[in-house]
Amino acid sequence: MTSPMRIITVFFGMAILLAFVGINQSWNVAFSILNLCVISAIMALGVNIQWGYAGLVNFGVMGFVAVGGLAGVIVSMPPVEAAWAAGGTQLMGGFAIMGLVIAAATIFWKKTQHWKDRPRKRYLIMALIIILGYAFYRYIADPAIDAIEAVEPAKTGYLGGLGLHILFSWIVGAIAAGLIAMLIGRIALGLRSDYLAIATLGISEIIIYVIKNEDWMARGVKNVNGLPRPVPYELDLQEEQWVNSLAESMSFSVINASSLIVKLAYLSLFVAVLIILFIMAEKALKSPWGRMMRAIRDNEVAAAAMGKDVKNRHLQIFIIGSAILGLAGAMLTTLDGQFTPASYQPLRYTFLIWVMVIVGGSGNNYGSIIGGFIIWFFWIEAEPLGLWLIELLTSGMSADSALKAHLLESAAHTRLMTMGLIMMLVLRFAPKGLIPEAKR
Amino acid sequence: MLAIEILIQGLIQGSIYALIALGLTLVYGLLRILHVAHASLFTLGGYLGVLITNATGSLFLALLLAMIIVGFVGMASYRILYYPILSRPPLIALIASIGIFIASEEVFRIIFGPFSISYISPPLQNQIDVFSGIMLSEARIMVVLLAFILLLGMNWLARQTRLGIATRASVVDPDMAMSSGVNVETIRYSIFFIGSAFAAAAGVMVSLLNNLVEPTMGAVPSYKALAIIVLGGLGSVRGALIASLMLGVIESFGTIYFGNLLDRDSLAFAFLILVLMIRPKGIFTKG
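Protein sequences appear in the order of chains A and B.
Numbering-wise, the working numbering puts 1289 at position 300 of the first sequence, and it's gapless, one number per residue.
Numbering-wise, the working numbering puts 322 at position 284 of the second sequence, and it's gapless, one number per residue.
Derived from the structure by calculation, the hints contain no laboratory data.
Just so you know, not all the hints are guaranteed correct.
What follows is a set of in silico ranges between Cβ atoms, one per label pair, in the way DEER data are often shown [said to hold, decoys possible]:
#1 A:GLN1334 <-> B:ASN164: 51 to 61 Å
#2 A:TRP1073 <-> B:PHE291: 50 to 60 Å
#3 A:LEU1397 <-> B:SER154: 50 to 60 Å
#4 B:PHE98 <-> A:ASN1214: 51 to 61 Å
#5 A:GLN1334 <-> B:SER154: 17 to 27 Å
#6 B:SER154 <-> A:ASP1131: 29 to 39 Å
#7 A:LYS1105 <-> B:SER217: 36 to 46 Å
Some chain A residues judged to face chain B by a derived CB distance under 10 Å, without partners named [to be verified]:
#8 ILE996
#9 GLU1141
#10 ALA1177
#11 TYR1184
#12 ILE1192
#13 LEU1336
#14 TRP1343
#15 LEU1396
#16 MET1406
#17 MET1413
In silico negatives: residues of chain A with every beta carbon more than 10 Å from chain B [unchecked claim]:
#18 GLN1014
#19 TYR1128
#20 SER1384
#21 ARG1404
Even for Gly, the Cβ is constructed at its ideal location relative to N, Cα and C.
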C-alpha cells in the first residue's frame, strides 16, 4: 500500500484549496469547480485503467468523451416528429444498406483468405464492394439528410433524440464509447505504443469532425441547447418554502442558495458514480485479473509465455477504459445542459486528462483521482493565479512601464503555460507522480 | 489542366510537410522520441521570418537568421527537455513534448501578441507563367526550390560527411557506434540543430505563402507531421519524404473531390488508419 498518510495529506490539501476558494471567491465557484473536478477524476480513472493497469496509450480521450456527450443528446432530447416524417425512415434504410455493405465486405474478406496467389483480384473486388455500396448508401441517404436538415434549421434540423431520462444516457454513452473502442482496438491495438498513440489521436479527430458535420445527428456546430436536467431548476427551487427558510437560516440570498442546492444535487450524483467506479477499479486491481494486467504491462512476452491472452486482454481493458471516458462525457454534457462539438479540443480533453494521470501518479487510482482534482483546480484558477504572479513579478517596475502593461495584459494567456510548467516540474522532480504506484 | 494545377499545389504543400517531417523522423530515429514540440519551432521560425524581414527588408537574411536561431533553440530544447528524461519510457518524453508545445503557444501569444502578424510588404508575390498558362507566385516556386536544395544538402551531408556516416551508424546501433568512437551527444545536438533549422525554413515558407503568422499555426503541423512519419515508417528519412509529397498531393485532390466528406486535416488520419490496417509498419518499410 502507498502510505495512507500521504494520501490523506494530499486530499486534505485539496479540501483546503477548495475551501479557500469558497471563502475568498464564492461557494458557488468552489462547488462548480468541485463538480468538474469529480468528472475529470472519472476521466482520469478511465485513462489510468488503460495506461496504468495495462500500459495502453490512448490519446483519443477527446473522441470518447464526445461520443458520451452525443449519447446525452440522442437519449434525452425529444424526437423531432417533422424530421422523422421528412426523412427518418429513408435514412434508417440508408444505414441498413451501410450495415449490409460492411457485412458483405467482411464476409468476403474472411472467405477469401486463401486467395494468396491472386491478392490483386481480392483487393480489387473488395474495393469494388465498398465503393459501390458507399455510392448506393449516399444515393439513399443524401436526400433524406437534406430533408431532415431542412426542417426548421434554426431550431431543429436534426432527428432529435429518444426523449428518455438523461441519466439513462450515462449508460448509453458508456456502451457507445465501448463499442467504438472495440472497433478501434481491433485495428490499432496490435501496433506499437507510438503508433497506437497517433492512431487514437487521429481517430478522435475524425470522430469530432463527423459530429461537427453530420447535422442530422446533433445539429453539428449549431449545438444542442436545453438538454433536460436530472435535478430541479433553480427558478422552481426559489419558489419552494424550504429553500427560502434554509437560505434565511444560512444567511445566503435565495438565488445563491438555490444554485448551491442544484450544484450539490449534481455533485451527489457524480460522487456516487465516482465512488462506485473507484471501488470497482480497486477491486479489479487487487484481483487476479489485476495482477495479470500488471504482468502483461510489465513484460508482455513473459505474460504471453505464461499463457495469457495478451491481445484480448488489451482489447478488453481498452474497451473498459473507453467506456468510462464515454460515461464521463455523458455526465459532462448532463452538467452543461448543452452539447457543443466545437468545444471538444484535444488540449482540453486528451492532454489535460493525461496530465492528471501523470501528475497524480499512474497505476494508482488514488493518484488519478487527486490528479483530476488538482489539475482541474489549477486549470480554472490559473488565471487569477497568473495575474497575481505577474503582479508580484512586476511589482518592482514603475507603474507606467510598457513591459508591465504588456505582461499584465497577457496574464489571461498563462493558463496553458502553468499547465505545461506544472507537468514539467512534476515529471522532473516526482516522475512517479504525487502518489506513486504502490509496490506489490 | 486543372489536374496539373492541383498536383503542383499538392507538391508545394508536400515539400513543406517534408521540411517539417524530416527533423521529426531524424529525432525519432536517434532517440525514439515523438518530438511534438518540433511544431513550435516551426512557428518560431515563421515569426522570426516575418519580424526580421520587416526589420531589415531582406527575406534571405531573415531565412538564414531564422534557421540559425531556431537551430540553437532546438539544441537547447534537447538539453533542457529531453536529456533529463532519456532514461524514462518514451511516452513520458512524448507527453513532456506535448506540454512544451502547448506552453509555447502561450509563450508566443505573450511575446508576440494574440493576433496574427503579416509582412509589411510581402516579398516574392509576382505571378510567373511556369508553362502554358499555369501561373505560380514566385514564393511558391521558391518553396519548392528551397525544399529541394535543403533536402539535397541533407542527402550530401548524410552520405559524404563523417557526421552523416556517424549519424546513420548511431541510428542503426547506438551502442556499437559509441564503442567505435562516435560521440553520440554531438550527433544528437547536430541532428536537433539541423532538424530545427529545417522546421524554421518551413515556417518562413508558410508565413510567406499565407502572409500571416499566428500563435496557433503549429497546431495542424504538430499532429499531421506525426501521421507523416508513421506513414513513412518511423525513423525512415526517405519514407518520410515520399509520404510528405504523397500526403500533399492526396490532400489537394481530396479537398476538391472529397471535400464534403472529410476535411483536409482529417484526410491525413483517414489515410493513416487505412495504411495502418493494411501495412502496420508504414508504407515503405520492408516486411
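> Which numbered hints does this structure break?
Replying inline: 1, 2, 3, 8, 9 and 21
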